[in-house]
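Keeping the supplied structure of chain A fixed, place chain B upon it in accordance with the hints.
Number of protein chains: 2
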Amino acid sequence: MRIKEIGQLKDQANISNLYGWVDNVRDHGGLTFVDLRDFDASIQLVFDKDSSINVNLKNEFYIEVSGILKKREEGLINKKVSLGDFEVEVNKIIIISQSKALPFQIEDGIETDESIRLKYRYLDLRRNEMKQNILARSKTFKSIRNIMNSLEIDEIDTPTLIKSTPEGAKDFLVPSRKSPGSFYALPQSPQMYKQLFMMSGFPNYYQIAKCYRDEDSRKDRQPEFTQLDLEFSNANPDIVKENIESIVKHIFDEAFDIKINTPFKSISYAESMSLYGTDKPDLRIKETITDETHVFADTEIKFIKEAIQNSGNVLSLHTNKTLSRKDIDRLDQLIKDAGSNGLGWFKILDEELSGPLVKFLNQNEQNHILSKGNGILLFQSGEFKEICKFMDILRRDVFSIENTELPNFLWVEDFPFFEIEDGVLQPSHHPFTAPKDTDIFKSNPDESIALHYDLVLNGVELGSGSQRISSPEIQRLVLEKWGLSAEEIENRFGWFVEALSYGTPQHAGFAIGIDRLVAEILKQPSIRDVIPFPKTQSGMDPLTDAPTTIKEDDLTDYNLRYISDEK
Amino acid sequence: MRIKEIGQLKDQANISNLYGWVDNVRDHGGLTFVDLRDFDASIQLVFDKDSSINVNLKNEFYIEVSGILKKREEGLINKKVSLGDFEVEVNKIIIISQSKALPFQIEDGIETDESIRLKYRYLDLRRNEMKQNILARSKTFKSIRNIMNSLEIDEIDTPTLIKSTPEGAKDFLVPSRKSPGSFYALPQSPQMYKQLFMMSGFPNYYQIAKCYRDEDSRKDRQPEFTQLDLEFSNANPDIVKENIESIVKHIFDEAFDIKINTPFKSISYAESMSLYGTDKPDLRIKETITDETHVFADTEIKFIKEAIQNSGNVLSLHTNKTLSRKDIDRLDQLIKDAGSNGLGWFKILDEELSGPLVKFLNQNEQNHILSKGNGILLFQSGEFKEICKFMDILRRDVFSIENTELPNFLWVEDFPFFEIEDGVLQPSHHPFTAPKDTDIFKSNPDESIALHYDLVLNGVELGSGSQRISSPEIQRLVLEKWGLSAEEIENRFGWFVEALSYGTPQHAGFAIGIDRLVAEILKQPSIRDVIPFPKTQSGMDPLTDAPTTIKEDDLTDYNLRYISDEK
Chain A
1 MRIKEIGQLK
11 DQANISNLYG
21 WVDNVRDHGG
31 LTFVDLRDFD
41 ASIQLVFDKD
51 SSINVNLKNE
61 FYIEVSGILK
71 KREEGLINKK
81 VSLGDFEVEV
91 NKIIIISQSK
101 ALPFQIEDGI
111 ETDESIRLKY
121 RYLDLRRNEM
131 KQNILARSKT
141 FKSIRNIMNS
151 LEIDEIDTPT
161 LIKSTPEGAK
171 DFLVPSRKSP
181 GSFYALPQSP
191 QMYKQLFMMS
201 GFPNYYQIAK
211 CYRDEDSRKD
221 RQPEFTQLDL
231 EFSNANPDIV
241 KENIESIVKH
251 IFDEAFDIKI
261 NTPFKSISYA
271 ESMSLYGTDK
281 PDLRIKETIT
291 DETHVFADTE
301 IKFIKEAIQN
311 SGNVLSLHTN
321 KTLSRKDIDR
331 LDQLIKDAGS
341 NGLGWFKILD
351 EELSGPLVKF
361 LNQNEQNHIL
371 SKGNGILLFQ
381 SGEFKEICKF
391 MDILRRDVFS
401 IENTELPNFL
411 WVEDFPFFEI
421 EDGVLQPSHH
431 PFTAPKDTDI
441 FKSNPDESIA
451 LHYDLVLNGV
461 ELGSGSQRIS
471 SPEIQRLVLE
481 KWGLSAEEIE
491 NRFGWFVEAL
501 SYGTPQHAGF
511 AIGIDRLVAE
521 ILKQPSIRDV
531 IPFPKTQSGM
541 DPLTDAPTTI
551 KEDDLTDYNL
561 RYISDEK
Chain B
1001 MRIKEIGQLK
1011 DQANISNLYG
1021 WVDNVRDHGG
1031 LTFVDLRDFD
1041 ASIQLVFDKD
1051 SSINVNLKNE
1061 FYIEVSGILK
1071 KREEGLINKK
1081 VSLGDFEVEV
1091 NKIIIISQSK
1101 ALPFQIEDGI
1111 ETDESIRLKY
1121 RYLDLRRNEM
1131 KQNILARSKT
1141 FKSIRNIMNS
1151 LEIDEIDTPT
1161 LIKSTPEGAK
1171 DFLVPSRKSP
1181 GSFYALPQSP
1191 QMYKQLFMMS
1201 GFPNYYQIAK
1211 CYRDEDSRKD
1221 RQPEFTQLDL
1231 EFSNANPDIV
1241 KENIESIVKH
1251 IFDEAFDIKI
1261 NTPFKSISYA
1271 ESMSLYGTDK
1281 PDLRIKETIT
1291 DETHVFADTE
1301 IKFIKEAIQN
1311 SGNVLSLHTN
1321 KTLSRKDIDR
1331 LDQLIKDAGS
1341 NGLGWFKILD
1351 EELSGPLVKF
1361 LNQNEQNHIL
1371 SKGNGILLFQ
1381 SGEFKEICKF
1391 MDILRRDVFS
1401 IENTELPNFL
1411 WVEDFPFFEI
1421 EDGVLQPSHH
1431 PFTAPKDTDI
1441 FKSNPDESIA
1451 LHYDLVLNGV
1461 ELGSGSQRIS
1471 SPEIQRLVLE
1481 KWGLSAEEIE
1491 NRFGWFVEAL
1501 SYGTPQHAGF
1511 AIGIDRLVAE
1521 ILKQPSIRDV
1531 IPFPKTQSGM
1541 DPLTDAPTTI
1551 KEDDLTDYNL
1561 RYISDEK
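Respectively, the protein sequence lines represent chains A and B. For what it's worth, this note's numbering labels the leading residue of the first sequence as 1, then goes sequentially. For what it's worth, this note's numbering labels the leading residue of the second sequence as 1001, then goes sequentially.
Looking at chain A on its own, in the form it has when it is part of the complex (with noise of 0.2 angstroms):
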């Protein structure tokens, strides 16, 4: 029996198989005393320390209990847990099997190194925190089938061994054995797959799936993660929004018992860069950006004066706060550390300026500064986009969240169809997103708008969609304006402008980070501590030691062979 089940029994009842972890022994006056714990709850057992009884019980045996439930005299009750009002008094224990001595203690608030704690990620998830964290990760998954169900949206599975696209940067890749030389690559999302349950009739699709990608080490990512994975055919933008709104407000409910409202806000890509220098803002933080640059126009402060003549912009914060130069010191090595060139400000006080550029200022800039009242102004001139970088960084670190407890969500939309990644022209979402407008696209794709939307919860990007291209010219043309030659689109894409040749509805989808969700909701400080057996920062897995060499003979068996083996 689970311990929990005691709370429905009676003074006296006989106990019998009864199982749990020895959670603590202590011997007291001739009496020995156990706390007896399993998943939900905890018991303490007592029994003559000379009597029958006679075993050696350490930390985390697990062990078989038989005895009588007795309720406890009114001065020895345990308020602080919930069957604290019962012992059990034992006539038998087996030990079903022995623990050695433990890596760590099984208890909350632990300080043991991370790569410990998943060393023995056997012994982590025992402790009740941990614990929590992986239930609620399973009641999230339960909330989601049930709300898939009354939606009537159906699960389907995809693929998981697929296509690798050329380039192969970031796809993880699966060597074949039948065909030596080959390889299949592990999904980055069934993004295509989902599209084409579109193209084959299906109404709707929905699955819980790992996706995979063999990212460069960045903050708090998994080589293998999973989302929640959605497509509706005859669809739009509104529709996906109004069903993801439904879906969240379900499950943030039943999972997690927060009510949240619906609909959420939403902002368009362009308003949030200017207001918040980033596209997930928190919206906590009330403060916003100021955009500077016709002020300074006529400016004499140099760098500045150059940023404008680039199509720079001056961008600044104020806060009434007073911040002590180590204060300022702080901000100007953090935004430094981002790539910044360093923090600028000038401090108001009673109408008066100080700072190190005040002397550069003329009068209408000085007016302008010291209309904004006490405290200080932060500023970063230079190219929009980079500036915006720093002024989220000052924005998240100068200003405090207000209310802590709701969670906020905002959509954000009408993102660029293109953006400049590493100097190349990349679609912002991916290459499947249709155009706002066909027309713009073709005459100008550099300012197009794409039909891509993004879910934000507390400044963290909680899901991604948009709605799809339906025709094979059009993703044709997005391929080409990607750069991509002919010969390129036909071996990455061309079955896949085929499949849209049949006669394809409109669909749109979306994808939310479940690790992600859950590790937001639960405040956890990684999404490591939200999966169950997750991998270091570096791909590593310190429980069983993977990834690992494997013979040269069996590689052999996929025609390749180790570099380091030659010469």
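Just so you know, these hints were derived from the structure itself, not from any lab. Heads up, a few of these hints could be off.
Stated by the list, open to error - Chain A is faced by these chain B residues, among others (derived, beta-carbon under 10 angstroms): (1) E1064; (2) T1165; (3) F1533.
Beta carbons: idealized from backbone N, C-alpha and C, even for Gly.
Frame of chain A, contents of chain B only:
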């Protein structure tokens, strides 16, 4: 709107936003008739050929329609389809997406080559019979989620980039870019991780998991397959079997509307082999195998004599059917193809024996065979397990299935712990299975029985499970008896033996092959027919052409190169 929703509307209702594929276009007496089809239904559209609706429609064009719903006149009602008493008098058609000429028709019973169907799988899935298969798969998922909820079994997920075991033979491998020269493996099942959940304190676990086996082409296998994976703490085989029966009963009822009876019949492995020649017998065939070894104790027939001297057996099947010489030759070839030396047979007709071996029979043998009655006695002699294979083939070929409608479930239990496979002692289930009797296992592992149970449906192995080893000592012993050196045990399973060493509950589990289950219930010839996007027998995907080669440059990231590039 979906076409099926028309059923809720009245005559003369306004129809708009009706979407679907053009299934058929017919011109008749100045009118154009179009069958419009979506996922669930179809309806007839009608418009004046020379009207303003000046569109050139072809099959599989995807269109949006507005119009007026009209009740058809009595004589014009199509009683074959659900909305056959209505048609839509169209006043507007928008072509959403055109279709190229189709590689095959969107209809049931096509005889198109499977590789073409797979290349255009998105069209293949538009065909009703395939759509129903995938829908049944989806309903199976849903019914599994529902019964798991009522049994309070929690969904938890396990990692899929795991440790590769050094022999690596059947694992799919995933080279690591971050640890060049090292590999992850894709899981053949979540076996060790689900056991870790039990060690972590979870009372139970389920997951619908993708599993991977890089097997040589065997009949109707896929490189990736889908299984319902389960584990229970404090469990034994009876608890697991009872749960599996509830689960299977629920799936059949909810997803397929088939009522089945539980508990299922159960037989031992030994009984199954001697009666049916297989460990997955189809009990819908009533006839069983007879062991005739004792009858031939003093035989003059040389090959039988030799077989018996080599501790072999003589196994027979008797049918009262009349088999022609042609029938016999066919059976002879059938088992020769499987490795037999040939079919032994005696015809019995009105107290007379005939057949090539009759002249070598002694009186005792003749009397025994005659006592079987009119018909034919088919037999094989040789090593028991070897000839069982041929007897199983003969039994399934010669005798017929009674009542093909009722699913026939069977538990097979008490498997030998080890079996000889390719001359090597192998655990017949997996090395985490508990022996039935530890003392026997220690003294005589070859004769030890495993706490392993298979579920068989209509002669197909549907699932498999076992009591797991919960003691690190027994686990180590099993790995030793399997033939692993201390070093191999440490490298491959050391972390797992360690995990068992901190107080491990008794635990047991099961896994059901979902592809196989759905294919069997729907009587589909291959599991490919119930998988949305399957691979061919040789692991290729005709749709995307996966697997594909990758650029040599990309390989160097993994510290790998192609063998063929060397010289």
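Hints and how they fare:
no., hint, in the structure
1, E1064, "holds (8 angstroms)"
2, T1165, "holds (9 angstroms)"
3, F1533, "holds (5 angstroms)"
In terms of the numbered hints stated before, the structure departs from none.
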